[in-house]
Amino acid sequence: MDLPDRNGAAPGILVVDDTPFFRQQARDMLEERGYRVVVTGNGGEVPALLDADDICVVLTDLHMPDMSGIDVLQTVKELRPELPVLIISSHQDFSAARKVLRHGALDYLVKPVDNEELAESVNRALNSYHASVREALAQREAQRRLSDLILLKQIGETASNGTDLQILFDKIVDSITLSADVEMVSLMLRDDAGNLSIAAARGLSSDIMTHARVAPGEGISGHVLATGRPVLITDLSRDQRFHSAGDGDRYKNQSLLSVPIRIKDRVLGVINVNNKRTGNTFKAEDQNLLTTIAHQVALAIENFKLVSNLRQQARELEEANRHLVKFNKARSQLVCNLSHELKTPLTSILGFVDLIINFFDHIEKDELRDYLGKVHAESLHMEKLITGMLRLFSIDSGGERWDWRTFSVEGLLSEALTRRGADIAEKDLQPTIEVAEDLHDVLGDPEKTGILINALVDNAVKFNRAGGRIQILLENNEIDGKPYVYLRIHNDGLAVPIEAGEDIFNEYTQLGDINTEKPTGVGIGLAICKAIVGRMGGRIALEKTLGEGTTFGVHLPTG
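Reminder that position 174 of the sequence shown reads as 174 in full-length UniProt numbering, one-by-one numbering, no gaps.
Hints should not be assumed to be uniformly reliable.
Computed list of lysine-lysine pairs in BS3-like fashion (alpha-carbon distance at most 25 Å, straight line) [to be verified]:
#	residue 1	residue 2
1	K384	K462
2	K462	K374
3	K544	K462
4	K77	K111
5	K374	K427
6	K343	K462
7	K482	K427
8	K171	K276
9	K384	K448
10	K305	K276
11	K305	K365
12	K544	K482
13	K111	K99
14	K448	K482
15	K305	K171
16	K384	K374
17	K462	K448
18	K77	K99
19	K343	K384
20	K343	K374
21	K283	K171
Since the hints were derived computationally from the structure, they do not count as laboratory data.
Let the sequences and hints guide you as you build the complete structure.
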């Protein structure tokens, strides 16, 4: 049985012959057999007729005055290579038959043609035509599938190799635009507020790309976002769900496709395509391809996040390792400093005790008292070193109990200066204190804050030059709208480089070399200060100093 043409009508047969009698005879015979017949006596009309009608077979006379059958055959093969052409001649000419067959004619018939012979030849031609059409469709489908596979391969490689999501998105929309042959593509992602914004697009204005925001359920993209299901529309003007979305400028042929970008139950975004350059509508195979691409995009986003997290963790581990190396180095320095500091008084203690034991009967009473006094002083020094270290460890580990309340810092500062009064007088230091009249109380532990202030005053005395100043300022201050009491304490001793501002507060760290320029101590005073201020929620820093000396600034919270 003959197949209908692409519009569902009977197969169209074009008869080209300059003889009216033959044209009519052929029409009557073919129409009786259910064919649709178009006739012309002028071969020059063939191109227009092929363009205007759905012709399946061409039947042409060989000898015509205006245009020969060979010319008609060549014209048909140029315009529609798949169309079979039957040549009819008034003469049995084997040379002519070979020629027309060589030029692609399907058959060569001689007039007068028997109706059954003609019908059989036309039927063979129709079978040949439909076979050619099916083969062409199969080739196009195979080519399309190959193109789809190439596109998916390209997108997969891009997703695997991409280190920048924006570059990945741009490459994907470019690939879709070329492979799907569409004018508009948009890749939209869900933002923190749950709305869609355009991550990459082609064929849209920069204003739309920048400002477009789509809420869940709003329009076609919002519908896909809310439901997680694709939408394929062949004619938007007739789709009652989204009729208001029709835009003559953006939806030229009223066919569009929108698919979700999803991972399991999570919808990450939407891919939209519309306006096929061929004018055709989108079909199921287009939806399947775009859905696969959307899955690739979703995997790429998840992989990018995973790789980013792994890289961040790697950076954190590297940073932690760097701090650990620095910590271990500082701890080694602590052991070196502490052993050096403890060795000096211990050597002195052992020396005096050994002297007393071996020469007890020969030592005068006053001399013995002097020896025991020195042993006592060195023992106190050792006890101070060990107590400081244990206190730092206790505060750092959170093992200290804190008595939280408000109190005045001014009184603690006066006590600290009084405690170091003898040392201040011995070095002829000049302390000055400037206190704001309305100075607020601070919130913290008075005993821990006393340790902080004593350490800063000790530092200002110990590292000051003879005759130098100790300048202290107490005033109210604000940081980011929060109230603090600001304590600044300056001494005229050796200036600490501002670039050492971080190191001097680190545990176990002290500037200088223990065998040459190292001052007394193991470098825990400022570390204790940092630990106390940090626990109180305040700040401490080395501040820039104009001229000689070193300045520390402390912000203590008031509530």
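For each hint, the structure was consulted:
1. Our distance criterion of 25 Å between C-alpha atoms is met by K384 and K462, whose separation comes to about 15 Å.
2. About 21 Å separates the Cα atoms of K462 and K374, which keeps this hinted pair within 25 Å; it holds.
3. Note on K544 and K462: the hinted pairing holds, with a Cα-Cα distance of about 20 Å set against a maximum of 25 Å.
4. A C-alpha spacing of about 24 Å is found between K77 and K111, which places the hinted pair at or below 25 Å, so the restraint holds.
5. Distance hint between K374 and K427 is fulfilled; the C-alpha atoms sit about 22 Å from each other, no more than 25 Å.
6. The suggested pairing of K343 with K462 holds, with an alpha-carbon distance near 21 Å, which does not exceed 25 Å.
7. For the given pair, K482 sits about 39 Å from K427 by alpha-carbon distance, which is inconsistent with the 25 Å threshold.
8. For a cut-off of 25 Å, the pair hint linking K171 to K276 stands: about 19 Å separates their Cα positions.
9. Annotation: proposed proximity of K384 to K448 holds, straight-line Cα distance about 16 Å (limit 25 Å).
10. Among the hinted pairs, K305 with K276 is inconsistent with the structure: their alpha-carbon atoms are about 33 Å apart, more than 25 Å.
11. For a cut-off of 25 Å, the pair hint linking K305 to K365 is broken: about 80 Å separates their Cα positions.
12. At most 25 Å may separate the alpha-carbon atoms for a hinted pair to count; K544 and K482 meet this at roughly 23 Å.
13. Restraint check for K111 and K99: the C-alpha separation of about 18 Å stays at or below 25 Å, so the hint holds.
14. For a cut-off of 25 Å, the pair hint linking K448 to K482 stands: about 22 Å separates their Cα positions.
15. Annotation: proposed proximity of K305 to K171 holds, straight-line Cα distance about 19 Å (limit 25 Å).
16. Distance restraint check for K384 and K374: the Cα-Cα separation of roughly 15 Å lies within the 25 Å cut-off, and the hinted pair is therefore satisfied.
17. Only pairs whose Cα atoms come within 25 Å are accepted, and K462 paired with K448 is accepted, the gap being roughly 21 Å.
18. Annotation: proposed proximity of K77 to K99 holds, straight-line Cα distance about 15 Å (limit 25 Å).
19. Straight-line distance between C-alpha atoms of K343 and K384 comes to about 14 Å, which keeps the hinted pair within the 25 Å bound.
20. Note on K343 and K374: the hinted pairing holds, with a Cα-Cα distance of about 15 Å set against a maximum of 25 Å.
21. Of the pairs offered as hints, the one joining K283 and K171 holds, with about 24 Å between alpha carbons and a cut-off of 25 Å not exceeded.
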